[in-house]
Amino acid sequence: MNDDRNGPESFTSIYEAVYPVIIRVAYHITGNMSVSEDLCQEAFIKYYNRAGTLPTVDQVKYWLIRVIKNLSYNYEKRKGRERKAYEKVIREPQRTEESGEIELIRNETNTIIRNALDKLPHKLRTILVLKEYTGLSYKEIAATLKITEGNVKVRVFRARASLQKLLNEEDIYVP
Amino acid sequence: MCPDNEVLSAYFDNELDMLWRDKVDIHLSGCEECRKKLNSFGFIRNGLSTYKIPDIEEGKIRVWQGIQRSRDRIRFQGFWKRRFVIPAPVGISIIALFILVSGSFFILRPSGNSTAVAEESIDSIEKSLIPGSTAETFKELIDFFDSQDVSIEVRIQIPEGSGQIYVGTPRLLRAADYKRGKN
Numbered sequence: 000m001n002d003d004r005n006g007p008e009s010f011t012s013i014y015e016a017v018y019p020v021i022i023r024v025a026y027h028i029t030g031n032m033s034v035s036e037d038l039c040q041e042a043f044i045k046y047y048n049r050a051g052t053l054p055t056v057d058q059v060k061y062w063l064i065r066v067i068k069n070l071s072y073n074y075e076k077r078k079g080r081e082r083k084a085y086e087k088v089i090r091e092p093q094r095t096e097e098s099g100e101i102e103l104i105r106n107e108t109n110t111i112i113r114n115a116l117d118k119l120p121h122k123l124r125t126i127l128v129l130k131e132y133t134g135l136s137y138k139e140i141a142a143t144l145k146i147t148e149g150n151v152k153v154r155v156f157r158a159r160a161s162l163q164k165l166l167n168e169e170d171i172y173v174p
Numbered sequence: 000m001c002p003d004n005e006v007l008s009a010y011f012d013n014e015l016d017m018l019w020r021d022k023v024d025i026h027l028s029g030c031e032e033c034r035k036k037l038n039s040f041g042f043i044r045n046g047l048s049t050y051k052i053p054d055i056e057e058g059k060i061r062v063w064q065g066i067q068r069s070r071d072r073i074r075f076q077g078f079w080k081r082r083f084v085i086p087a088p089v090g091i092s093i094i095a096l097f098i099l100v101s102g103s104f105f106i107l108r109p110s111g112n113s114t115a116v117a118e119e120s121i122d123s124i125e126k127s128l129i130p131g132s133t134a135e136t137f138k139e140l141i142d143f144f145d146s147q148d149v150s151i152e153v154r155i156q157i158p159e160g161s162g163q164i165y166v167g168t169p170r171l172l173r174a175a176d177y178k179r180g181k182n
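Quick note, the sequences are listed as chains G and Z, same order. Read in order, the letters of the first sequence are residues 0 to 174 in numbering that gives the first Met the number 0. Read in order, the letters of the second sequence are residues 0 to 182 in numbering that gives the first Met the number 0.
Worth flagging that the hints you see were computed from the coordinates, not collected in a lab. It cannot be assumed that every hint is accurate.
[Claimed, not checked] With a straight-line Cα cutoff of 16 Å, these simulated EDC-like cross-link-like pairs (lysine to aspartate or glutamate) come out:
hint : chain 1 : residue 1 : chain 2 : residue 2
1    : G       : K138      : Z       : D12
2    : Z       : K51       : G       : E102
3    : G       : K138      : Z       : D16
4    : G       : K145      : G       : D57
5    : Z       : K59       : G       : E15
[Unchecked claim] Here are some chain G residues the structure puts well away from chain Z; computed CB gaps all over 12 Å:
hint : residue
6    : V56
7    : V59
8    : R65
9    : N69
10   : Y72
11   : Y74
12   : G99
13   : E100
14   : K118
15   : K122
Glycine included, C-beta positions come from ideal geometry on N, C-alpha and C.
Construct the complete structure from the given sequences, taking the supplied hints into account.
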């Protein structure tokens with residue numbers, strides 16, 4: 000791979016295309032932006048060191064999503080939820096553009112959704128994150144996770160049903 | 000009849016082909032229960048969308064700089080520290096070929112004192128082993144056996160460690176026939 004070219008297959012162009020996708024995947028699994036950035040750096044370095052090239056940018060994207068998913072879950076397993084919650088309090092930026100009450104409700108909603116997502120099994124959480132936060136189609140998700148489209152369809156529904164059940168147990172504010 | 004929940008979920012994600020989409024459209028116009036299910040998917044999506052990711056642009060630059068530093072370190076490592084990856088099928092083939100070649104070498108190598116038994120001419124026999132026979136050569140021995148009204152059992156003992164490969168069953172040939180076959 001030629002790093003100096005700005006064509007579609009250069010490392011730079013792949014980084015530009017894929018970073019926004021994998022940072023979202025990492026963030027919605029780990030809940031921590033700083034950690035997510037570190038994991039993305041690790042994923043791209045793994046890709047850079049990878050002997051052999053992948054034929055298309057899409058294949059690279061799917062490969063990197065798989066890597067970031069595994070890195071994120073490994074991080075989560077290593078650090079544990081208590082420490083993650085502590086780091087979130089320290090590092091999350093505070094939004095100030097809305098009134099205090101709405102901001103408070105929004106933060107509470109985010110926490111409830113975060114907790115509900117954490118409770119989902121990994122398979123369902125991954126599918127929901129890929130569907131709702133990265134804009135991938137069923138076909139792309141199937142190619143990324145190496146499962147069938149039918150499988151994706153079933154898992155998306157099951158993830159929604161499970162999440163709804165968890166959210167119904169809490170009162171959440173949806174503006 | 001209501002479509003499966005997975006079909007409704009795929010409809011919500013705009014993942015159905017046109018034929019199925021039209022069918023579901025028609026069904027939804029008359030089924031409140033399925034419309035409620037669709038609304039619940041919208042509720043989930045709205046709920047998830049409130050959980051927003053912070054701005055990614057600053058981090059994108061930071062991560063890129065980190066990658067550049069790692070790349071520069073890798074470039075200066077030199078040839079002998081690089082990783083080489085051999086695909087598994089190629090690696091297995093190389094190992095199998097090595098085993099085959101080295102195995103063949105040990106099986107087929109000639110032993111120090113062997114000549115092909117088949118080519119060795121037997122021109123002397125141990126007379127004491129055959130009472131009543133004055134045969135000096137193997138041919139005379141065969142003739143002697145022919146003249147006897149007895150059945151004999153012939154055992155062919157191949158020297159141990161001769162490095163021979165045994166194929167088929169042994170049969171007795173006259174020297175003349177053997178030499179004719181060779182020619």
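Check each numbered hint against the structure and report the violated ones by number, ascending.
-> Going through the list in order, the structure violates no hint and respects every one.
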